[in-house]
Structure formats: structure tokens, C-alpha cells
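J.: Protein chains in written order, with full-length UniProt numbering: chain D, 1 to 326; chain H, 1 to 392.
No farther apart than 20 angstroms at their CA atoms in a straight line, the calculated lysine to any residue pairs in the SDA-like style are these:
hint	chain 1	residue 1	chain 2	residue 2
1	D	K110	H	D114
2	D	K254	D	E280
3	D	K25	H	K179
4	D	K216	D	D314
Treat the hints as calculated values from the structure; they're not laboratory data. In this text, all values refer to a predicted model and were calculated from it rather than measured experimentally.
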Amino acid sequence: MAAEKMALAKAINESLRRALETDPKVVIMGEDVGKLGGVFRVTDGLQKDFGEERVIDTPLAESGIVGTAIGLALRGYRPVVEIQFDGFVFPAYDQIVTQLAKMHARSLGKVKLPVVVRIPYGGGIGAVEHHSESPESLFAHVAGLKIVTPSNASDAYWMMQQAIQSDDPVIFFEPKRRYWDKGEVNTEAIPGPLHKARVVREGTDLTLAAYGPMVKLCREAADAATEEGKNLEVVDLRSISPLDFDTLQASVEKTRRLVVVHEAPVFFGSGAEIAARITERCFYHLEAPVLRVGGYHAPYPPARLEEEYLPSLDRVLDAVDRALAY
Amino acid sequence: MTVESTAARKPRRSAGTKSTAGKRTAAGKPANSEPELVQLLTPEGKRVKNAAYDSYVDGITPEELRGLYRDMVLTRRFDAEATSLQRQGELGLWASLLGQEAAQIGSGRATREDDYVFPTYREHGVAWCRGVDPTNLLGMFRGVNNGGWDPNSNNFHLYTIVIGSQALHATGYAMGVAKDGADSAVIAYFGDGASSQGDVNEAFNFAAVYNAPVVFFCQNNQWAISESNEKQTRVPLYQRAQGFGFPGVRVDGNDVLASLAVTRWALERARRGEGPALIEAWTYRMGAHTTSDDPSRYRVDEERRAWEAKDPILRLRRYLEAANHADEGFFAELEAESEALGKRVREAVRAMPDPDHFAIFENVYADGHTLVDEERAQFAAYQASFADAEGV
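Put together the whole structure using the sequences plus the hints.
T.: Structure representation (C-alpha cells):
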């Protein structure tokens, strides 16, 4: 098989399978990742084929999962750990921030921790509390971590390959509401760099920058805007840390307007950093301030309210209108 | 004493028991009392029999005993020098191990070369046993780095400052050892304060579930900065092991021979695939938590004096002298070696250069990061602006 259409979750599954096949040091750890295949079935069938020594059902303790993964990495393993949901990562936050992120520097480069922390994130699936959050900024603020998030099946496959090969710890945010979206995956392609953004729709009037689950929304918004005669460019950032400002800068220098869209709360969100840096880089090109569309400074609401909380097509287009009105 | 042999299974006192309840344990004894310890050398330096652990030190030679003594004396001398260097402003901080030499040397000497050690920030004696040059330990306390040695050179991990984190790293490492089919073991150090941390308890559980070859070595030095054992636990710490499904032992941490024997026992069973064990080394932090601490605010001097009578170095010296295992020449030579070590450490610290400014940006990532590159360049330009100004 070279190219095949598959769901994003399946693409990650295939990528993990390939990593397990090609590198005996890769181990998968997490709650329910074994027989069940994970609550989203991302690890489906892997324990059956690779055994309990390589696909490890762990006790229900997130700090323990990441802490022992660090120990395994020190022993030469390449653990890929699953945090079951975004809102459950915080017991592991201490290990991630104080140990995983800093041990390479602490050791003056002697120690490498090639650990991938997979986190299904974001809302839109009608879940209960703690199952719909977007905590990426809380990790992007920490030096020593790399943060990536695919928006489609092909990226999910290849970015996972590259994350596992990375000698740095990678927080791999998976857009859970896109798990079932299908896309073409060419498993023999030569992937581009992991931390490079991609212009997924060319346009001239304004740039929409997004990542993970919001890329699809932005493409839909751009399509809708066409009907109003607006030609929007969409940039899939793909990597949050490092963030490919060069690609974004080139886009904004062309379109002169930028709207950043993410599910995470706007306040101190990644959009704030993007706005600041793009303003610095493109000050004389900008025709409007960089605008942001995202979550509010409120706890993620109950499912019946999430459509009001999350960026929607209308909210994105509203921001586009405001930016174009300058 | 393994947990099986204690009275831990006595019914718990009813919750309604008045005020004393807070200070009592499941066994009805205060958690900070001194129950029977595994002890092979009394404070007076008398060798006492112990059916369970004698076999682990039966063959020990006078030379090895002198070696343990030498390790403890040199570690204490190094520690004293570091404290002085902090007072002189050469170090920003020092965490003294004074009083804990036997627990550290005994356990450290029990490790094999291929074992792996995960220390806190106070395991200077264990570092010594692992062959880490003591001057390397001082970089982080001087502020020139955050850990100045290669962990894999001596299988001695970097000091971990966040309390208890390393217990999980040790457990994960041990899980890897087991996966590799190696017959080495791992030892994780922590203190009585860390026993309250979730990470330590998660480590106990992971180690038990995966039967990982890891030994948890808790130095109960009675004080977590200003908080006594009573603020950390209602059961003797070694008894916690029982709830996780592995043996726990309380050893006299001021007895180097017992610490050696019990740690050998635990490491050997781990290597045999019998899983984790918890050792609680009953000892005392004779000094302050760190040079920034003031113990006079929270503990009485009588307590310290009582522990002085149980000094780990003194008791081995008494034993060596009584058994004619060491003569005046040995002690005199060691005294000279101690002074030489102090001098070497002093000189090394004073000569330790400040790091290059650009070290800020080094080793943040293994594979690089564009933001770090960008900020390094900005920093370089900023630095260069001063050079230009000076040139004018």
C-alpha cells in the first residue's frame, strides 16, 4: 500500500504500528491502551500484535505514567505515552515541566528524553467536564518541550513518525473531534519537516492561522467567504513550539491581515504570542490589528453550551469582517 | 524487621480515641518512635547478631571495614568543606548530609557497578561511592550549572530537587532493566518528607505492579525542613510497603554495617527478579536542612545531642579499635587525606569559572529549536552592542 484513505485515528494507529515494527525500543504506555485499544481505539490491536511488554497498560496515575516513561527513556527506550484526555494531564504536569522538559539542559546535553506524550484535545464531542480542553499554551510556555498538532490524517501519520524519532520530548496534541475524519495517507511519501507550517489554501485578502481541529473550520470559513467575494488564505501551523513564523510572515506580508483561530481561551493563548510576533515582524505590512477567535476566559462549559464557546464558522467570519473593515 | 514480623496487623485504634490519636500509629506506637531496628553495630561499637542479615556482611574483611570508615570520614570532611565554602560565599547553598553518612555509605557500597542510582540533592556520600568526583557536585550549588556530571559515567543520575520525582524515574528505569533481561538493580533515594508525595507512592505502586527491580531507600532523618515525622505520617514509613505488596525494613541508618547488609539484601532480591523493597534508614539530620535554614526555630538541642551519641563514624571507629582492625597510623593517614580532600575541593570551587553567557541557550533542545536560535542571536546582538560602545 502506498496511498490509502483512512481516519485520522487510524493514521496514528498505523504510525504507531510502524514505529513498533521498526524500532524495538519504542514502547506504548497508558491507561487502557492494551486490550481496549484506548478509549478512542488509537492503539487498537497493537498489544495483540506486539505484546504486553511493548504496549503497556499502566496503573491509573498520569504522573506515574510520565515519570516512569522518563526512566525508560533514560534506559534507552522511546516511550509513547497516552494521556486519556486533555483535562487529565495535570497530575503529570509536574513531571512534564520540571523533569521531562529540563533534564536535557540539566545534564548539559548528556541525557536525551525521546518521549512522546499523546494528548487527545479539544471539544465539540459533547463530553463531560475535563474532556474537551485545549491546554497547549500551558506546554508551549515551557522551554524544552516541542508541541505539535496535526489537522489531518496524513499529517497525523507522518508527524507521529517524526515525533517518535525526535530526540526531544514532544507533546502530541490529537484533535479528538477529527479522529474520524478520513484523508489520504501515503505511507511511502517523504514527509516535510515536522515543525513547518503549511499554506493549505492560498488567498489574497486575509490570512486565517489555525492548527489541529480548527484548520478544517478555517477552510470552511474561507470557502464561505468566497461567496462574499473574499479570498482568504489558510495556514495550518502544525507545530506550536517551535512555531514557523517565517511561513506565517510570508503569508501576512501578502494578505496584510491576520486572524488566529484556536479553541483554547484567547487570554494568554497561542494567538496572543502570534499576534505579538507578527506585529513585530509585519508592522508596516499590516492593515489591521491581528485578531483572535477562541475560547472565553471561563471554564470549558457543559456540552449543551459548547457550540457557543467554541469558534464557529460565523465567529470566524465575524472576525474576518472586522479585520477587513480597518 | 520485615513488615511481616511486626505488630502492624493489630487492629487500628478507633478513630474516636482522643488527642493522642494524632500521634499514634496503627500499631499503637508513635510513628516517630524507634521500634526495633536492624542493627549490627550498637552506638558503643559492639557487633550484635542478626539472624536475618548477618549473612550479608559475614565475609567482610577488616580492610573493607576500614574502607567504609574512610568513606564516611572523607564524605563528612567534604560536606564540612562545602558548608564552609557556602559561608565564604563561594557556594550559594549547601545541603549537608551530616549525620547520614552511614546510611549513604552503607547503601552506596552495596550497589554494583551496573546498578543505577537515583539520588535526591543530599546523596553526597552515595555519589562518593559511585565514583563521582565530589567537586562535580558543587557546580549546581555554586550556580554554574544545574547538574555537572554525566549520569551514565557512574550510573548516578543527576540530583533531583523536586521532592520525590526521581522515585518514578528509578522505577521506569528498573522497568527497562527488566525488559532488557539484565540482572542489575536500581536504587531510589528520598526522605521522610518525600514519602508524602504522590510521585513516591505512585512509584511504589508501579514498581509493585511491574515487579520492577528497584530498591526504595528512604533516609528518615526525622525532619523535612521544619516538619517532623508526625506531620508526614501516622505509620512507620517502612510499613507503607506492605500496602503496596512488597517488604519494608527499618534499619539503623547510623549503622553503616546494617545499612550495607540490608541494602545488599534488597538489591540481591531485586536482581533475582523478586521485585521492589523499601528500606527506611532511621537517621538524623544533624545540621540544617540547607545553609539557608535555621533549625533553632523548630527543634530542641537536646534532640541533636541524643543523636550525637549515636554518631555513625564514632561507632565504627570504636568497633575498629576494639577489634584491632585499625591502628593509629590508619587514622593519622586518613586525617591527612581528609585535609587534602578539603583543600582540593576548596581550590576546585574557587577556580570554577562562571559559565559562558551563551550557555543559557545551550542544550535546551537536543534537535534544536528556531526560537532558541532566534533569541540567541538577539542576545548576541545585544551583547555586541556593548562592545561597539566600548570601542567608540
